Each structure stands twice: as C-alpha cells, then as structure tokens.
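Numbering that gives the first Met the number 0 applies: residue 0 is where the sequence shown begins, and numbers increase by one.
Source of the hints: derived by calculation from the structure; they are not laboratory data. Note that the structure is a prediction, hence the values are computed from the model and not measured. C-beta: ideal position from N, C-alpha, C; glycine also. Fair warning: there could be bad hints in the mix.
[Claimed, not checked] Cβ-Cβ distance ranges computed for the label pairs, FRET-style:
#1 GLY84 to GLY133: 21 to 29 angstroms
#2 THR88 to ALA38: 16 to 24 angstroms
#3 GLY103 to PRO59: 24 to 32 angstroms
#4 ASP136 to PRO59: 16 to 24 angstroms
#5 LEU58 to HIS83: 29 to 37 angstroms
[As the list claims (entries may be wrong)] With a Cα cut of at most 20 angstroms, we get these calculated DMTMM-like pairs of lysine to aspartate or glutamate:
#6 LYS79 to ASP53
#7 LYS65 to ASP47
#8 LYS113 to ASP53
#9 LYS79 to GLU129
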Amino acid sequence: MQALSRRTWLAWLATSAGVVSAQTAPARPGIRLRLEVGAHVLTATLTDQLIARDLLSLLPLALSAKDFGATEKVAYLPRKLTTHGAPTTHTPVAGDLCYYAPWGNLALFYADGKPSPGLVPLGRFDGSTEELRGPADVPLRITQIR
C-alpha cells in the first residue's frame with residue numbers, strides 16, 4: 000500500500016470530519032440541467048456548490064428569458080439564492096451559466112462579458128450556446144437530468 004502524503008492525509012481528515020465546506024467539495028458527476036429555451040434544448044453541468052444545490056431545490060422552473068447587453072439571456076428566479084461562500088465577482092465567458100446576486104437572476108452567457116461584482120458561476124453549458132443569441136424574449140423551462 001502506498002504511503003499517503005501529509006497533505007493528502009490532512010485533506011482526507013478534514014473532509015471526513017466535515018471541516019471542508021460543501022462550497023469547496025469536488026464536483027459530483029451527474030448534476031446536469033435540461034434547459035428548454037424557446038424551441039431549443041440545451042444541457043448544462045453545475046458545479047457542486049451550495050448555491051447550485053439551492054438552485055436545484057427550485058426545480059422545475061418555468062421562466063421568461065430576455066436578452067441583456069447582447070451577451071446573455073437573463074431570467075428572474077422566484078426567490079434569491081444563497082451566496083454563502085460563493086465567489087464575489089466573475090468574468091463570464093460564452094457558455095457560462097451564472098447567478099447575478101444583486102438582481103436575483105440567472106444569466107445564460109452566449110458571448111464573453113466583463114468582470115461583474117455579484118456574478119456567481121453555477122456551471123457551464125455542455126455544448127454551443129448560439130441558440131441563445133437574439134433580441135427576442137423566450138420561454139425558459141429548467142429541469143434536472145437524472
């Protein structure tokens with residue numbers, strides 16, 4: 000049996016004892032979403048963090064998404080998500096699925112954006128987000144893929 004390094008052993012001990020928060024837990028496979036955006040179906044994979052699990056607790060969701068700044072579609076959630084332990088700023092890139100804490104909305108990025116205080120990354124789309132482009136408001140239905 001291979002000897003564990005001190006760092007590996009301490010990480011195991013901290014995780015086992017519950018010292019490491021859920022916010023920093025490694026991603027679990029299978030936290031995937033199905034997003035029906037108008038006539039298009041997209042999938043996304045969430046990172047395993049407290050805010051993403053809070054979003055999951057709201058599913059299924061039926062929302063309206065509108066274009067914002069020619070970079071993203073935004074959709075307002077029925078309530079704000081917890082941001083405890085989440086990053087306080089993020090520079091989005093095309094394909095990011097984020098939460099904008101000041102307004103309480105989801106942000107589905109189809110183009111790169113600017114550094115945004117209050118923007119929290121939730122995960123990434125699994126493929127192209129070109130279907131999100133365009134000025135039209137569209138219905139958005141979000142469910143978890145099991």
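Now for the hints, and whether the structure bears them out:
no., hint, verdict
1, GLY84 to GLY133: 21 to 29 angstroms, "violated, 35 angstroms"
2, THR88 to ALA38: 16 to 24 angstroms, "violated, 34 angstroms"
3, GLY103 to PRO59: 24 to 32 angstroms, "violated, 18 angstroms"
4, ASP136 to PRO59: 16 to 24 angstroms, "holds, 20 angstroms"
5, LEU58 to HIS83: 29 to 37 angstroms, "violated, 20 angstroms"
6, LYS79 to ASP53, "holds, 9 angstroms"
7, LYS65 to ASP47, "violated, 27 angstroms"
8, LYS113 to ASP53, "violated, 25 angstroms"
9, LYS79 to GLU129, "violated, 27 angstroms"
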